[in-house]
Structures are given as C-alpha cells and as structure tokens.
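Student: Produce the complete structure using the sequences and hints provided.
Chains as they are written, first to last, in UniProt numbering: chain A, 1 to 260; chain B, 1 to 260; chain C, 1 to 260; chain D, 1 to 260.
One or more hints might be untrue.
Any copy, or any two copies together, can satisfy a pair, since identical chains are not distinguished.
Dumping the calculated EDC-like pairs for lysine to aspartate or glutamate here, alpha-carbon to alpha-carbon at most 20 Å [stated by the list, open to error]:
| no. | residue 1 | residue 2 |
| --- | --- | --- |
| 1 | Lys213 | Glu233 |
| 2 | Lys2 | Glu141 |
| 3 | Lys32 | Glu52 |
| 4 | Lys152 | Asp124 |
| 5 | Lys7 | Glu257 |
| 6 | Lys152 | Asp24 |
| 7 | Lys110 | Glu176 |
| 8 | Lys183 | Glu141 |
| 9 | Lys32 | Asp49 |
| 10 | Lys128 | Asp49 |
| 11 | Lys2 | Asp179 |
| 12 | Lys128 | Asp179 |
| 13 | Lys213 | Asp49 |
| 14 | Lys183 | Glu163 |
| 15 | Lys2 | Asp24 |
| 16 | Lys126 | Glu257 |
| 17 | Lys17 | Glu131 |
Just so you know, the hints here were simulated from the structure itself, not pulled from any lab data.
There are 4 protein chains.
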Amino acid sequence: MKDAQVKSDIAWANPSKVVVHGLDLCNEIVGKIDFGQMTFLQLFGRLPDARELRMFNAMMVILVEHGITPSSLATRFTYCGAPESVQAAVAAGLLGLGSVFVGSLDNAAKLLQETIPANTPLADPKAKAVEIVTSYRSRKEIIPGIGHPFHKPIDPRSVALFEVAKETGYYGPYVELMDAIGKEATLQAGRPLPLNVTGAMAAVASEMGITWKICRGLAVAARAVGLVGHILEEMRQPMAETLYLRIEHEATKHMHEEKT
Amino acid sequence: MKDAQVKSDIAWANPSKVVVHGLDLCNEIVGKIDFGQMTFLQLFGRLPDARELRMFNAMMVILVEHGITPSSLATRFTYCGAPESVQAAVAAGLLGLGSVFVGSLDNAAKLLQETIPANTPLADPKAKAVEIVTSYRSRKEIIPGIGHPFHKPIDPRSVALFEVAKETGYYGPYVELMDAIGKEATLQAGRPLPLNVTGAMAAVASEMGITWKICRGLAVAARAVGLVGHILEEMRQPMAETLYLRIEHEATKHMHEEKT
Amino acid sequence: MKDAQVKSDIAWANPSKVVVHGLDLCNEIVGKIDFGQMTFLQLFGRLPDARELRMFNAMMVILVEHGITPSSLATRFTYCGAPESVQAAVAAGLLGLGSVFVGSLDNAAKLLQETIPANTPLADPKAKAVEIVTSYRSRKEIIPGIGHPFHKPIDPRSVALFEVAKETGYYGPYVELMDAIGKEATLQAGRPLPLNVTGAMAAVASEMGITWKICRGLAVAARAVGLVGHILEEMRQPMAETLYLRIEHEATKHMHEEKT
Amino acid sequence: MKDAQVKSDIAWANPSKVVVHGLDLCNEIVGKIDFGQMTFLQLFGRLPDARELRMFNAMMVILVEHGITPSSLATRFTYCGAPESVQAAVAAGLLGLGSVFVGSLDNAAKLLQETIPANTPLADPKAKAVEIVTSYRSRKEIIPGIGHPFHKPIDPRSVALFEVAKETGYYGPYVELMDAIGKEATLQAGRPLPLNVTGAMAAVASEMGITWKICRGLAVAARAVGLVGHILEEMRQPMAETLYLRIEHEATKHMHEEKT
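Tutor: Structure representation (structure tokens):
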C-alpha cells in the first residue's frame, strides 16, 4: 500500500504556464470559458457541449440559495465570532449539508442508479415504481426525493428543472422512474407527496452520468457561493449577535427565575 | 441589541414560488441564467451586464483549481476518513485558505481600496507606488500581491486577467496602481517581483466595486468547486491512504530505531 | 414547531456568578475539580464518583493521540495555510473522524446497546455472539470493533482498558458480549481478529450508560486535545510544506514528462 | 525544501505497544494518569508536577462551557442538518472561536510575553502598565484581556483563577503586569474595566510557559468538550429547528408583505 502510485491528473504548471484538465489556463480558460463551463470541466474532465452546459447550469443555479436555513445561520454565527476567517464561516455552513438537508439527493440518485445501472429505459417504469414504493412503505422508510413540508402539492423547482431536461434531451429513464415513484407514492399515501427538488436533481444528475457519490458535492459547491452572499449581508446588516443574545436569554431564563 | 431587527433580503418563498434577489427562481433563474450569472447575482444582488459578466467569469475560473496544495490534501485526507461526508471534506480544504495562501488577495485589495477610496484616477500612480513600496520595505513587510516563488519573472495568470480587463473596460486606476507597485518593487529589490495572480485579482475586484472584505469569499466559493474535483479523483484514484502510511513511517522511524 | 420551547439547562450567569450544571463555576469548579471531572460533568450533568472517574479517564486518555494519521495531517496542512486560525486547523483534523476511523466506535456501541437494551446480563453471551457473527458474515459485513490491520493478534489497548474495567466494576454484560464476539469472529474466520480499541471502548462506554449516539463525541473531544499537540509540533518542526511540495512533484511528474 | 526532514516525536507503535511522548500507552498512561495529565502531556511533552497540574486543570475547566453562544449555536444548527456527523457539529462550533471571542486570549498573552520575554520580574509593573495603557488608548485600540460587557465591575472568573495561581506559586510577573494593566485601564477610562477571564488566562498561561501562539489551542480543546455537551442536549431537547423556522419567518416577513 505504502508503495502505491501517487498521481493526480488534474493540473500541472511550469513557471510560464498552468494546465488544468489539459487546457492552458491562460490561453484556453481565462476569458474563453465561463464559471459554469469551468465547473463542468473540473467535475467531468472535459468541456460540455451546449445542451450539457444548459442542463448543468440549471442544476447549479437551483442549488445556490435556500434563504435562512440552519446552514446559513451556522455561517452567520461563525462569521460573528471569526470575521477574519471568511473561509471558516463558509466551511461551517457547509458542514450542516448532511443527511437531513442534502442526503436525500445522494439517496435518490443512488436508488435510481442502482435500479437502472446502464441508463437503459425500463420496460415498465410504473411497475418498478410500485415495487419501490411498496418496499419503502413496508419498511416504514422515507422515499428519498419524495415529499416536501412546504412546497406542496407540487414543488415548482422540480417542474422548472424538468422543463429544461425536456428541452435539452435529458428527460430519460431516470426522470421517468423518479416521476413514476412520486405518483405512486402519492397514490399509496393518499395525500400529495410531490417529487421534490432533490428528487428532480437526482434524476437529472443521473441522466447526465453523475455518480450518486458526488451529487452532494454539486450541492456543496453551489451552496458555497450562496453562503458568501449570506456573509456579505451579515457584514452590512448583521443578525447573529442579536439572535444569540435573544436565544441565550430565552433558553436560560428558567434558571435565572429558579434562583430568585 | 437584543431588540434589533432581524432581516434578510436575499430570498423568500411561498408554497408555489421561490424568489431570490427579487427574481422568480423557477421562471427567471432556472434555464434562464447560468452559474456565473447566478454567482454574480448572489454577491451583487443584481444581474451583471455582458462586460461585467465576462470580467467576473475570468476571475472565478482562475480561482477554481490550483493542483495539489495543502488545501486539496486536507480535503483528500478528510475524505479518506469520512467518505460519507463529502461536505466535510470540502470544508476541511477551505479551512486552509487563510493568511498564507489567500490572505494576500484581501490584503492587496485593502491596500488598493484604502489608497484609492473612490475609484478616481490617481494623478501620479508611479509616485504613489514609490511611496507604498518604500514604506513596506522600510517595515520589512511583504507587499501583498507582489512576488511569486515559481511563476517568475512574470505570472502568466496576471497577464491573462489583465487582457480581459482591457477588453472589458476594467483596466482602470486600481490596475494601474497595482501594476506600478509591481514595477517599483522589482526596481527597488533588484530582482524580478512579478505582479502575482492575487495582486491582479485584487486590482480587478477593486475595479468591479467588490469590497476587500469579501475578496477571500470569491476564492473560497471557486475553490469549493475545485475541491469537489479532487474528491472525485480521490474516489477513482486514491492517494491519501498511501501518503499517510508513507508519512507515518518516515516521520516516526527514528523512534522505532532508538528502541531497537 | 415554531412555537416550541427553546430551553437549555447547561449554564447561566449573572454579572457576579456563572453556574454550570448547577455548580458555581468560581467556587465549586475552578480549583476544585479537574479536567476529567469537568468533562464528565459536561456529558453527564453530574460529577462522577471515584470509580466512574477512573474508568472515564482511562477512556479519554486512550483517545487523545494516534500519531501521524489522515486526521493529524489534515490539521497540519490547514495550519500551514492558515496559521492565524488554530481553531480551524483543529476543526479540519476533527472532520476526518468519520465512518472509517471512528465510526466503528458508534457502530459497535449501537450493536451492543441494541442487543442488551437494559444492561441486564445475557443468559448466554456466547450463543448471542455466534448469532451476531454468523449474521454479519452472511451479509459479508465487517463486525464493528473487531479486527485490526496492525495491532494483532491482540490489541494491547483493549487489554489495558479492560483491566481498568475489572478494577472499577465495569466488566459487565456489554464487555462480556463484545469479548465473546471477538472470540467467535476469530473462530469463524480462522485467523486472529482481535477485539480492537474501538470495540473495547464501545463496551466500556455502554457499561457506563453512554448512548452510542454520542460515543463519537468522546473521541472528538479527546482528539481535539491531540490535534493541538500536533499544531504545537508543526510550529516547532514543520512538515506540511515539505510534504506538499514533494507530493505535488510526485503526483504531477507524469504530466510534466508527457509535455517534454 | 522538498528534501527537508519529515519527523514527528509524538508517538510511535509496534503491534504490541503504543508509545506517546515516551510513555507506554497501555502500561504508563491508561489507568495511571487522568485526562488533565494527559492533556498536559500532549502539550508539554512531559507529565506535570502537582502544582502545575492544579493550575493547568483550573485553566482548562474554566474554558469548557460558556452557555448559549454563537459557537454553541453553530454546533446545534450543524447537528440539526447532519446528525450523523457529530465531528462536524463540534468542528462548526470551534470555527467561530476567532478574533472576537478567543482572540483576546492570544493577544493578551502576546502582549505579556513580548513585554516580559524571560519571565523575569519587572522593576516597576505599574509604570509599564501606564505606558501600555497610554499607548493603546492613543491608538484607540482595545487592550486585550481588559473589560467585559456583562461581568463587571469584576469578572469573578479572574478572581477564582488568580486564587489558584496564588496557591500554586503562579502569581508572578505576568499576573502582576496584567493586574496593573487592568487597574490603570480603569483609572484612565474613568469607568470599571475589569481584568476579564481571557486576560487572567493569558497571564497564568504565560506564567506556565505556554507560548501565546498556542493559547487559543487550549480554549479550542476545552470547548470541544463543551460542544459535545451541547450536542447531547440538542439530542434530548432540540432547539435548532424551532429557532431556524422562527428566524426565517421573522427575517423574511417584510418580503412576504411587500408581495401581498
């Protein structure tokens, strides 16, 4: 093991040149490709064609900003204690992108990719959806990518994403299966269980050939952008200190009272 | 303080709609704007025009990937211990983007923005550069944005970035001052001290009206993308375990030997 | 949900007094109890008796230092980029304490606590061990807490920990079951599968009534101490910069060669 | 640089033995020394004598728990999103221990250690304090370790810590200087500026020979323990989800209203 090869194919440089994924940074990247293309290049090791780029951009923009969330609050509280370390405030916000908020993205993509390993159409997506939903319900497990506490009966972001998928030719077997799962889940539950944005993202990412293991990484990269926006707002219009003083007061007032 | 207002203007949602910086996410963002525009929107609160977008994209793409660095190694070592937490591996890599590697970006931008508060041309940038370089040298301090151990006598990334700045009309007072500082530093030191990529970035960011306090945030967001690429490579072609076994062996062999 | 109570029972203060878990910090904690007692207090909400403290200290000291590991390397690489943020370097090292290195602690404790919910002796620990080992092997899953690539046929740390458990009266049903699992695993595999230190820790923590959900937290707290030690050594005797330059060179030399 | 030595003196192991700072983990540490001694060993590379240990324990216990703070809130919000990654929740809380909350500890220790490099008594601590306070006030800078918004006119934790310092023989030149600075600052300001707990800690750490560069590390290690306690409480008695829903509602209601 100790003698295994240590090798990276991402980038190399000499004093007058930097090469990233085979492209000359100064002559073929800067001023030539945009941030969406660069992100695709970094993940796929090649530049996207026009329809890939359009679909990929749609996925990335949808992930950037989710408003006041536990994640953006962690960033704001961290910034309030360590304003000199913007990188740490972003990192703190990313750390909460775990099983509760982004995990369903990986899990839905895993379910899809394990069900359809080779991106070949299922003969009967509806039958497969019945099988999957029945199995999850029998184990009393939540089906990843299905249901939303707030965006119901329809998650408008899934609709928007699937429209781009149709236009760009990514409305394929994974999307069909995910869609069928959403419909079957609603039917079996007897109440609206929308195909949520993580389910839609998982389906589209699967269509694009993105392994479920890195789906969370897309969300993390996009959210890093979002969290920088929250830091900028916290600089201009802070809330963390006010919040912490209020919460401290409310959370401990029972102990103050006991003592008097 | 406890009674201060708690207010965010970034995003809000109702069950059928999500609004980010005043734009309807599903109808005006997804499928309509790309990742570069979305990043600009998140930082500036408005969409860029064409020349702003071109300049902004050039800055972001240059920051994504820096090869095998302490930061990408921290990500790879963290992934090796916690592969289930891709977000933590990215966060670990971001945490090293501090005073040594990205701090010169903030510091150079601060120097420029404090020297030229209102983006008005200096009467004599050369004279100001002499003053600044002389002052730093007298305090034996490193001038931020100047010098590079490897990319010398010229940092090709600065050249590439300034070409885009010229094309897009961002070659203004901050760039001129930074450039003059580089030349004067080389003159006074008697050896090549190139205007490095962080100095060039700082100048361009200043031209675009980006406060020095958030410059590091741009680097952090772009590098988050880069680190996801390193995780993907670590999945396919791991190096962390091999490296750690080798390092452990080398670092402790003197203690093994003492005992025998 | 929004109207739920927000309440913490850990600490409160007035201008002249701080109270932590019901004890007056200045009069009953500082100068009165030591760091091990304080750690126990923070986790259990009460002070330990002598035998609890002795067992607890044994667990904590064993977790502090594991040498050059992916975790301590992530700390050192982060410190090298952000020496002004010691907190970030410690945090980076903690982030790798995930499923690969510390997860077996939680998993072993979970297995034990789900098998023996009420800390009541099993009638036949050996039979239960056979059942568990057979089940894991049939699913081709690794049994948590069993086996070590280096410390074999015996993990000396498990022996040391169990000696303290015997002396302090914590050698009970969980330890017996864990021990039986180790023996049965070795038997079924036909090669030495030692009860490793995480298995031993899991058994002792279960004896002490520590829920498996927080076992990883004990490791994290102890390792934070360890990582500060690595930062101190990195200050005096740095290795991160040397390592990164070497690794960068080795990992990218194939691309340099291709170009010449 | 690439050829520099890579060496760590902290720990080494063979299959049947682990050695940490020269002590056999299984025979000389586990069951033999407690968590406070182990922490001292990890930081100093040797075991403490009784008075060192008593002073060190007093410093560590005071740093463990500070109630509901931005740091413990960042931990709770992170746990709420990634309950499977206890290590990440602790890390997120540590990341806010920066310039605002713990930085004064380093800064005060730096001030003391630069003023008294060799731990030799100052001829006239009062005169030096006048000089220092006058200098800070003329630059309109806050004196590190002095003043507290809540614990005034006296910070009771400083009193408690200095009592232990007297008993253990650590009430020396650094403590005297810090004390004199507090008195002079109060005099010059014309209002109570207590010697706060970070100032007291800085003085005692300086007496013990702890370099200011690692003082923050002591706080970070102790607080890691504290944050595990907050995670345990959040498991039993959660507040993060309630808080986030409330904050989201309050922070965005002006945008909802504008639209209706």
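Student: Each hint: holds or not?
Tutor: Now for the hints, and whether the structure bears them out:
Only between protomers do Lys213 and Glu233 lie at most 20 Å apart by alpha-carbon distance; the minimum there is 12 Å, versus 32 Å within a single protomer. When the C-alpha separation of Lys2 and Glu141 is checked against a cutoff of 20 Å, the pair qualifies neither within a copy, at 42 Å, nor between copies, at 26 Å. For a Cα distance limit of 20 Å, the shortest separation of Lys32 from Glu52 qualifies both inside one copy, at 17 Å, and across copies, at 14 Å. When the C-alpha separation of Lys152 and Asp124 is checked against a cutoff of 20 Å, the pair qualifies neither within a copy, at 27 Å, nor between copies, at 52 Å.
Taking the shortest Cα distances, Lys7 and Glu257 sit within 20 Å of each other only across copies (13 Å), while inside one copy they are farther apart (63 Å). When the C-alpha separation of Lys152 and Asp24 is checked against a cutoff of 20 Å, the pair qualifies only between copies, where the shortest distance is 17 Å, while the shortest distance within a copy is 47 Å. Taking the shortest alpha-carbon separations for Lys110 and Glu176, only the intra-copy value of 15 Å comes in at or below 20 Å, while the best inter-copy value is 38 Å. For the homomeric pair Lys183 and Glu141, the shortest alpha-carbon distance inside one copy (17 Å) is at most 20 Å, but the shortest distance between copies (35 Å) is not.
Taking CA atoms no more than 20 Å apart as the test, Lys32 paired with Asp49 passes in both settings, with 14 Å inside one copy and 17 Å between copies. Taking the shortest alpha-carbon separations for Lys128 and Asp49, neither the intra-copy value of 32 Å nor the inter-copy value of 47 Å comes in at or below 20 Å. Taking CA atoms no more than 20 Å apart as the test, Lys2 paired with Asp179 passes in neither setting, with 47 Å inside one copy and 32 Å between copies. When the C-alpha separation of Lys128 and Asp179 is checked against a cutoff of 20 Å, the pair qualifies only within one copy, where the shortest distance is 11 Å, while the shortest distance between copies is 44 Å.
Proximity of Lys213 to Asp49 under the C-alpha cut-off of 20 Å is found in neither arrangement, the shortest distances being 23 Å within a copy and 36 Å between copies. Taking identical chains as interchangeable, the C-alpha atoms of Lys183 and Glu163 lie at most 20 Å apart only when both belong to the same chain, with a minimum of 18 Å there against 53 Å between chains. Taking the closest pair of Cα atoms, Lys2 and Asp24 never come within 20 Å of each other, the shortest separation being 33 Å inside a single copy and 26 Å across copies. With identical chains, the CA atoms of Lys126 and Glu257 are never at most 20 Å apart, being 60 Å at best within one copy and 42 Å at best between copies.
Proximity of Lys17 to Glu131 under the C-alpha cut-off of 20 Å is found in neither arrangement, the shortest distances being 55 Å within a copy and 32 Å between copies.
Figure legend: structure checked against the earlier numbered hints; hints not met, in rising order: 2, 4, 10, 11, 13, 15, 16, 17.
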